[in-house]
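Novice: Spelled out from the first residue to the last, the chains are:
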Amino acid sequence: MPKVTFIQPDGAKQTVEIPLGWSVMEGAVRTNVLGIDADCGGACACATCHVQVEPEWQGKLPEKSEMEEAMLDFAIEPTPSSRLSCQLRMTSDMDGMVVRVPPSQH
Amino acid sequence: MAKHFVIIGAGQAGVQAVQSLRAGGFVGRLTLLGDEAYPPYQRPPLSKAYLLGTFARERLFLKGDEFYHEAGCELVLNTRATAIDRAARTIALSDGRTLSYDKLLIATGTRVRKLRCLGTDLPGIHYLRDIADVDGLQSEFKPGARMAVVGGGYIGLEVAAVGAKRGLQVTVFESAARLMPRTVSKPVSDFYAQEHLKAGVTLELNTLVAGFEGKDRVEAVRAGGVSHPADLVLVGIGVVPNDELAAAAGLTCSDGIVVDRNAMTSDPAIFAAGDCTRHHGRDGVEIRLECVQNAIDQAKHAALAMMDRPKDYGEVPWFWSDQYDLKLQIAGLARPGDSIVVRGDPALRKFAVFHLRAGRVAAVEAVNAAPEYLIGKKLIAADAEIPPEKLVDTSLAMKAFA
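Top line first, the protein sequences correspond to chains V and S.
Residue numbers for the first sequence follow the working numbering, so the first one is 1 and each next one is one higher.
Residue numbers for the second sequence follow the working numbering, so the first one is 1001 and each next one is one higher.
This is chain V alone, in the form it adopts within the complex (with noise of 0.2 Å):
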């Protein structure tokens, strides 16, 4: 099962293993990694499951919609890696993709 790895703010790292077509929010949640909310569930309706994705990875990675563009923009200090995680579905070429988590989602 391809893996991605959670880097907190304080360095911590937590290696998961997602299912191929799952979210990576679903991932994180289901593992309960710290600092990924998702309080609406993956619906791109809470903008609480913001990830900042590692340079390498970026181009591996579906474009954003228009809705997830304009909730990221509000999301906790944005940065042009930022994605929504409930937005990045599991293919194999995101295996072994390492994300960082922001201080805050609120």
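Treat the hints with care, as some may be off.
[To be verified] Calculated pairs, SDA-like style, for lysine to any residue (alpha carbon to alpha carbon, straight line, at most 25 Å): (1) V:3 <-> S:1349; (2) V:3 <-> S:1024; (3) V:64 <-> S:1068; (4) S:1399 <-> V:77; (5) V:3 <-> S:1066; (6) S:1399 <-> V:20; (7) S:1399 <-> V:69; (8) S:1165 <-> V:67; (9) V:64 <-> S:1049; (10) V:3 <-> S:1019; (11) V:13 <-> S:1378; (12) S:1350 <-> V:102; (13) V:13 <-> S:1250; (14) V:3 <-> S:1165; (15) S:1399 <-> V:3; (16) S:1378 <-> V:104; (17) S:1378 <-> V:37; (18) V:13 <-> S:1348; (19) S:1399 <-> V:79; (20) S:1327 <-> V:65; (21) S:1399 <-> V:63; (22) S:1198 <-> V:65; (23) V:64 <-> S:1019; (24) S:1350 <-> V:65; (25) V:64 <-> S:1349; (26) V:13 <-> S:1066; (27) S:1399 <-> V:13; (28) S:1399 <-> V:102.
If you're looking for bench data, these hints aren't it; they were derived computationally from the structure.
Put chain S on the given structure of chain V with help from the hints.
Specialist: Frame of chain V; chain S shown alone:
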């Protein structure tokens, strides 16, 4: 001896309480009781992607099994709490056991309101609240089937939208003059009515369902003096709080378990969170909220209070509904008498309705309009005063108001 906290109700609020209690440093014993066969799961996808069949059941579960193990939480499923003895601080369970508790959280949620009219026992008449309800609907939810939806609220319309997409012939019966009359303003109702009509859904507004006809199963809906042929029926006319357990234990209830700003019931050892509670909203008006936001936030406050670190609950409520490719996002609570202004053009399928009360932003309904929703929520939390002529001026970006 270690304290024992018991949570009755394994839903969104229950699992949030487990998470918040452990994150907050509670080290005692923790038990989460659920009366369904499944561990806590998300209900919102049930009437959307799960019904459509594009979302596997295992993705509904809020946490993996390892979460409960790591949290040191005993998850007891298929088991109902049948009585609370407040003097002895014990709970009787449907499996015959008795559990003692030091503090108790009731998060029993709601159940569907049943339609009372002729023929409601006929096979083919469905409700939607649980995984089992959707699974029971699937075999009849087939292209070409004639589906009658009773109730033009969120559940009915989400099912109607999925049905239309699947190729069913859908008719929605709503007793009020417009769709979603309790939850959205008229411009939003009217917009959604147009979208459903465009998708081929038939709308019967101002139409009260009198009963169902059929021999061995439902064959028609009787409404407005006419028989409307139907192969299956989905009833979505709201929910009622599961407050009987609390009421029987003598806790103050009034269409919901009454709690204070710290989610405490009339017994200081017992708390309640989520859909089953009645509380004073931010504006001081009593309300029972049926939404994920309230389940999550009230459970967080309940957890804090159970750890003797109470913090007043005053978060802005928020809601969403997915119908077709439209995302409806709502923040705040509208009230009769609010003045409303529309920002953007419904014809472009992207607009927002702002509700102003005494000049302050009180609620926003946003359709495919994330900035309006997100900034609107902030403006509501800040009780911001924004002149209506500025709110509707789309040459001003929403960020200008933040």
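Novice: Going through the earlier hints one by one, which of them does the structure break, listed in rising order?
Specialist: Violated hints (numbers, rising): 1, 2, 3, 6, 11, 12, 13, 14, 15, 18, 23, 27; every other hint is consistent with the structure.
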